[in-house]
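**Q** If you want the building blocks of each chain, they are given just below.
Protein chains: 4
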Amino acid sequence: MQYARPLPHYLVSRYSGWKATTYQDNKAWYRRLAAHGQHPRAMIISCCDSRQHVTSIFGADEGEFFIHRNIAGLVPPYSPDGGNHGTSATVEYAVTALKVAHVIVIGHSNCGGVKGCDDMCSGHAPQLLEKTSFVGRWMDILRPGYERVAHLPDADRARALEKEAVLVSLENLMTFPFVREAVESEILTLHGLWNDIGEGGLEQYDPAAKAFVPF
Amino acid sequence: MQYARPLPHYLVSRYSGWKATTYQDNKAWYRRLAAHGQHPRAMIISCCDSRQHVTSIFGADEGEFFIHRNIAGLVPPYSPDGGNHGTSATVEYAVTALKVAHVIVIGHSNCGGVKGCDDMCSGHAPQLLEKTSFVGRWMDILRPGYERVAHLPDADRARALEKEAVLVSLENLMTFPFVREAVESEILTLHGLWNDIGEGGLEQYDPAAKAFVPF
Amino acid sequence: MQYARPLPHYLVSRYSGWKATTYQDNKAWYRRLAAHGQHPRAMIISCCDSRQHVTSIFGADEGEFFIHRNIAGLVPPYSPDGGNHGTSATVEYAVTALKVAHVIVIGHSNCGGVKGCDDMCSGHAPQLLEKTSFVGRWMDILRPGYERVAHLPDADRARALEKEAVLVSLENLMTFPFVREAVESEILTLHGLWNDIGEGGLEQYDPAAKAFVPF
Amino acid sequence: MQYARPLPHYLVSRYSGWKATTYQDNKAWYRRLAAHGQHPRAMIISCCDSRQHVTSIFGADEGEFFIHRNIAGLVPPYSPDGGNHGTSATVEYAVTALKVAHVIVIGHSNCGGVKGCDDMCSGHAPQLLEKTSFVGRWMDILRPGYERVAHLPDADRARALEKEAVLVSLENLMTFPFVREAVESEILTLHGLWNDIGEGGLEQYDPAAKAFVPF
Numbered sequence: 079m080q081y082a083r084p085l086p087h088y089l090v091s092r093y094s095g096w097k098a099t100t101y102q103d104n105k106a107w108y109r110r111l112a113a114h115g116q117h118p119r120a121m122i123i124s125c126c127d128s129r130q131h132v133t134s135i136f137g138a139d140e141g142e143f144f145i146h147r148n149i150a151g152l153v154p155p156y157s158p159d160g161g162n163h164g165t166s167a168t169v170e171y172a173v174t175a176l177k178v179a180h181v182i183v184i185g186h187s188n189c190g191g192v193k194g195c196d197d198m199c200s201g202h203a204p205q206l207l208e209k210t211s212f213v214g215r216w217m218d219i220l221r222p223g224y225e226r227v228a229h230l231p232d233a234d235r236a237r238a239l240e241k242e243a244v245l246v247s248l249e250n251l252m253t254f255p256f257v258r259e260a261v262e263s264e265i266l267t268l269h270g271l272w273n274d275i276g277e278g279g280l281e282q283y284d285p286a287a288k289a290f291v292p293f
Numbered sequence: 079m080q081y082a083r084p085l086p087h088y089l090v091s092r093y094s095g096w097k098a099t100t101y102q103d104n105k106a107w108y109r110r111l112a113a114h115g116q117h118p119r120a121m122i123i124s125c126c127d128s129r130q131h132v133t134s135i136f137g138a139d140e141g142e143f144f145i146h147r148n149i150a151g152l153v154p155p156y157s158p159d160g161g162n163h164g165t166s167a168t169v170e171y172a173v174t175a176l177k178v179a180h181v182i183v184i185g186h187s188n189c190g191g192v193k194g195c196d197d198m199c200s201g202h203a204p205q206l207l208e209k210t211s212f213v214g215r216w217m218d219i220l221r222p223g224y225e226r227v228a229h230l231p232d233a234d235r236a237r238a239l240e241k242e243a244v245l246v247s248l249e250n251l252m253t254f255p256f257v258r259e260a261v262e263s264e265i266l267t268l269h270g271l272w273n274d275i276g277e278g279g280l281e282q283y284d285p286a287a288k289a290f291v292p293f
Numbered sequence: 079m080q081y082a083r084p085l086p087h088y089l090v091s092r093y094s095g096w097k098a099t100t101y102q103d104n105k106a107w108y109r110r111l112a113a114h115g116q117h118p119r120a121m122i123i124s125c126c127d128s129r130q131h132v133t134s135i136f137g138a139d140e141g142e143f144f145i146h147r148n149i150a151g152l153v154p155p156y157s158p159d160g161g162n163h164g165t166s167a168t169v170e171y172a173v174t175a176l177k178v179a180h181v182i183v184i185g186h187s188n189c190g191g192v193k194g195c196d197d198m199c200s201g202h203a204p205q206l207l208e209k210t211s212f213v214g215r216w217m218d219i220l221r222p223g224y225e226r227v228a229h230l231p232d233a234d235r236a237r238a239l240e241k242e243a244v245l246v247s248l249e250n251l252m253t254f255p256f257v258r259e260a261v262e263s264e265i266l267t268l269h270g271l272w273n274d275i276g277e278g279g280l281e282q283y284d285p286a287a288k289a290f291v292p293f
Numbered sequence: 079m080q081y082a083r084p085l086p087h088y089l090v091s092r093y094s095g096w097k098a099t100t101y102q103d104n105k106a107w108y109r110r111l112a113a114h115g116q117h118p119r120a121m122i123i124s125c126c127d128s129r130q131h132v133t134s135i136f137g138a139d140e141g142e143f144f145i146h147r148n149i150a151g152l153v154p155p156y157s158p159d160g161g162n163h164g165t166s167a168t169v170e171y172a173v174t175a176l177k178v179a180h181v182i183v184i185g186h187s188n189c190g191g192v193k194g195c196d197d198m199c200s201g202h203a204p205q206l207l208e209k210t211s212f213v214g215r216w217m218d219i220l221r222p223g224y225e226r227v228a229h230l231p232d233a234d235r236a237r238a239l240e241k242e243a244v245l246v247s248l249e250n251l252m253t254f255p256f257v258r259e260a261v262e263s264e265i266l267t268l269h270g271l272w273n274d275i276g277e278g279g280l281e282q283y284d285p286a287a288k289a290f291v292p293f
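Residue numbers (my numbering), protein chains in the order written: chain A, 79 to 293; chain B, 79 to 293; chain C, 79 to 293; chain D, 79 to 293.
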C-alpha cells in the first residue's frame, strides 16, 4: 500500500507517553488480556461521533465492553443474504461467540447522522436520496422511526428522531434469531440509552412509560 | 420496545460519578462541542475488541477522533449498490462531511475476527462458510489478504493476517472515489498501524520497507 | 524596513527540514486548518521563558491551544481606557470570538520576571521603579501578590510569588465582564498551574486547599 | 481564587506521559536550564493562533527561543507613559536583560486579528471601533499598515495586510531606543517573516526587493 504515510509526530509522542505510564502501570492486566482473551460483560453500540466516549462515561477498563460504533449507532434488520453486513457481524460475534450479557444501544444529542435522516425524509436533502449516497442508504434504516415522528414540529422532531434511532435498533436486534433466543432464555438483556452531550445527561428507555426517562 | 431493561446498577453508579466529576470539570467544553459541532482531525477505524482503547493510547479528548469500530477494523471495497453499507457510510461522512485530514486504520494482536478468517480460509471452520454467518461473510473482505499469507506456517500466519487486514482496508479505502480524490489532492492521508495488546507495542506500515515497523 | 536582515542559515535549514518532513506528513491537516479555521479548545497564558514549552508538556497538535505568552504570564485588571492592551485583547478574542472552554494560566519556577518583581518590591532594584522601565511597570501587576507574601523569608518568597502571579492573573481575569459572564454561565472554566522546570513538576491550584497541589 | 477548577483529565494524562518520557530523557538539560538560567539566542514575536507552532517549524529545543505571542504578533510604538505595556516589556527584557542576538517577527496567513483590522478600517466592523473593544484598540497599531494597502482590491488586501503587520512591528521596534542602539551597534538583528499555514510556506522580508521573498 504505497499510500500509507507516517503517523503525525504528536500522536507518536502521546503513544510513547501512554506506553511509559498507563501501559507500564497495567502491564500485567494487558498481558493477561492478551493471553487469556477478552470476556466483556456487555456490547455497546454507539455513534462514531467524536464527542461521545462511552468508555469515559462508564469508567470502562480495557476488557469490559465490546464496542461497535457506526453512524448514529444503528442496527439494520436481520438479512442473511450473503452480503458484507458489518453491524450484523458485530452483533453475531458478541452474542454467539463472546456471549455478552447486555447489549446497550446509546444514541446522543446533536447527531449529524440523524439530522441528515431528518433532512432526507422531509425532502430537504435530495442528494441523500441517491443510490450512491452511503450515508443516505444507511440512514434508510431509520425511516420507520421517522414515520413515527414526522408529525412533530421541526424543533422537536430531531431530538425525537435521535431517540427513535435507539428504538429502531432495539427492534431490529430482536429480528436476529440468536438475539431473540438469548433474550427469551434470559441470558441477554437489551438496553436503550440517550445521551445529551452538552448537558452530560443520560436517559434510558422505560417500556412501562413508553418514553426515555432520566436517571 | 417492551424488551428494553433497566441499566445494571453499577453502570448507573459509574455514570453518576462521571457526571459529578469528569462532566462537571469539563462542562464548558462539552457545551461548546454541543453548540458548535465536532471538528475531528482524524478518523480512526479499529476493532470492536474490548481490549483496545485508542482514545487511551493517543490521549484523546472528546472531539478529537471520529471513531468507527467493527470486527477486525475492516473496510469493504467500494460498492454503491444501494444496500446498507455501514462502514462505507462512516468513511463517506468522515471524508466528505467532516473533512478529516487523516484516516488511521489500526489492527491488533490476538484478534478473534482475524483468527476466524484464518480458520475459515484454511478449512477449519466450515460454519463460517455458510451464507447465514454474518461474521464469515464480513471476514470474506480479508480473503485477498489471506491469499498473500496462506503459505506461511500456522504459527506465523495469524499475526501476518492481522497486518494484512490493515493493508486490505487501506487498499479498499482507495477504491472509494472520494477517498482517492482527497488523497491525490493532498487533503487526506492514510495510515496503517498494528497494536500488540499484551506488550503495548505499536507498529506502522512503511511502504518503503513494505513492512510494519515499530516506533 | 531597511533594517531587516536575512534569517540565520541554521534556521533556514531547520525550516527546510520541517517542510520536507513534518509539514509533508501533515499537509492535509495544515490545509484543513487553513481552509476551515481554528477551533482551539483552550487558551493558555504562559511566560515567554524559553525553557517552558507547553505544547510539548501537553502533547499538543497544531490547532489545539490558543497561546498567549508574556513576561511571567500575567493578566492585568480590566481597564477599557482605549489604550493598546495586548493581553486583554488576547483574552477578549479567545473568550468572545473563539469561545474557548478553558483558560489555563501557567507559571513556572526560576522566573526572571517574578524575580525582578521581588527585587523591585523589596527595594533591591530601583531601576525597575522608573517610569520608563517597561518590565517594572508590567510587573506592577503583581504587586498585590507581593503584598501577600512579603512577610516570607527570602528563600521562600520567590517561589511563593511565582504562584501568586498565577492567582493574581486568575483574579484579574474575573474582572473582565465577558470572562465573569462566561464562567458564571458555565461555558468557561479557569485553571491555575505552576511548573517546576528543573524537576518537570506540575501543580494545580486547589481552592479547597487554598494551595498549589502536585498531580 | 475560588473559581479555579481541576485540569481536564486528558491533559493530566498527557502531562504524565511527557514526564515519563520527554522529561525523563532530558532531565539533565532541564536541570541545567533551571540551575544556570536561560540563554536564548533569539526572541520570536508571533501570533497566539493555535495553528502556528514556531517551535515545531524551527525545531526548537527548550532554551533556544524567548517567545512572545499576542494577537497578530504586533509591536506597539515606544511609549514610556508608565502604563502596563506587556509587549514592550517583553522586548525590553529580551534585548536588555537576555541580550538576544535576533528579534524575529513572524506573521501568518489566515490571521483572524488582521482580518478584523481590515474589516474595521474598511468600515465593516463598527463594533471594533468602540473604545471598549480591546481587539479593536490593539489592532489600531496596524492602521499605518492599512493605509499603505487600502487601495488594493479586497481579494489581495488581507494577505498584504498580514505582511504589513510584520513591517509595522519592525518599524515600531526601531522606535525603542535600546533596540535601535543594539541594532546600530550590530549586536542585534531584526528579521521579518510570513508563514503560509496551509502550504507550509515561509517568506522573509528583503529590504532590497522591498518585498517578502520565499526561501
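Where hints are given, some of them may not hold.
All copies of an identical chain are treated as equivalent in the list; a pair is satisfied when it fits inside any one copy or across any two copies.
What the hints assert, rightly or not - Lysine-lysine pairs mimicking PhoX-like chemistry, simulated, CA-CA at most 25 Å apart:
no., residue 1, residue 2
1, Lys-241, Lys-288
2, Lys-105, Lys-241
3, Lys-288, Lys-209
4, Lys-193, Lys-177
5, Lys-241, Lys-193
6, Lys-193, Lys-288
7, Lys-193, Lys-105
8, Lys-105, Lys-209
9, Lys-288, Lys-177
10, Lys-97, Lys-209
11, Lys-288, Lys-105
12, Lys-209, Lys-177
None of these hints come from the bench; they were simulated from the model.
**Q** I want to check one pair: Lys-209 and Lys-177. Are their C-alpha atoms no more than 25 Å apart within a copy, between two copies, both, or neither?
**A** Close across copies (22 Å), not inside one copy (36 Å); limit 25 Å.
**Q** If the cutoff is 25 Å on CA atoms, where do Lys-288 and Lys-209 land: within, between, both or neither? Let me know, please.
**A** neither (35 Å within a copy, 37 Å between copies)
**Q** What label fits Lys-241 with Lys-288 when the C-alpha limit is 25 Å: within, between, both, or neither?
**A** within (11 Å within a copy, 45 Å between copies)
**Q** Are the CA atoms of Lys-97 and Lys-209 at most 25 Å apart within a copy, between copies, both, or neither?
**A** neither (45 Å within a copy, 42 Å between copies)
**Q** For Lys-288 and Lys-177, with the copy left unspecified, which applies at a CA distance of at most 25 Å: within, between, both, or neither?
**A** neither (28 Å within a copy, 38 Å between copies)
**Q** Within a copy, between copies, both or neither: which one fits Lys-105 and Lys-241 at a CA-CA cutoff of 25 Å?
**A** Between. Shortest inter-copy distance 23 Å satisfies the 25 Å Cα cut-off; intra-copy 40 Å does not.
**Q** Could you place Lys-193 and Lys-105 in one of the four classes (within, between, both, neither) given a Cα distance threshold of 25 Å?
**A** between (42 Å within a copy, 24 Å between copies)
**Q** When Cα atoms must be at most 25 Å apart, do Lys-288 and Lys-105 count as within-copy, between-copy, both, or neither?
**A** between (45 Å within a copy, 23 Å between copies)
**Q** Reference check for the pair Lys-241 and Lys-193, CA-CA at most 25 Å: within, between, both, or neither?
**A** within (12 Å within a copy, 36 Å between copies)
**Q** Could you place Lys-105 and Lys-209 in one of the four classes (within, between, both, neither) given a Cα distance threshold of 25 Å?
**A** The answer is neither: 48 Å in one copy and 33 Å across copies each exceed 25 Å.
**Q** Since the copies are identical, ignore which copy is meant and state whether Lys-193 and Lys-288 lie within 25 Å (CA to CA) inside a copy, between copies, both or neither.
**A** within (23 Å within a copy, 42 Å between copies)
**Q** Checking Lys-193 and Lys-177: alpha-carbon separation at most 25 Å within a copy, between copies, both or neither?
**A** Between. Shortest inter-copy distance 18 Å satisfies the 25 Å Cα cut-off; intra-copy 34 Å does not.
In summary, the structure is inconsistent with hints 3, 8, 9, 10 from the numbered list given earlier, while agreeing with the others.
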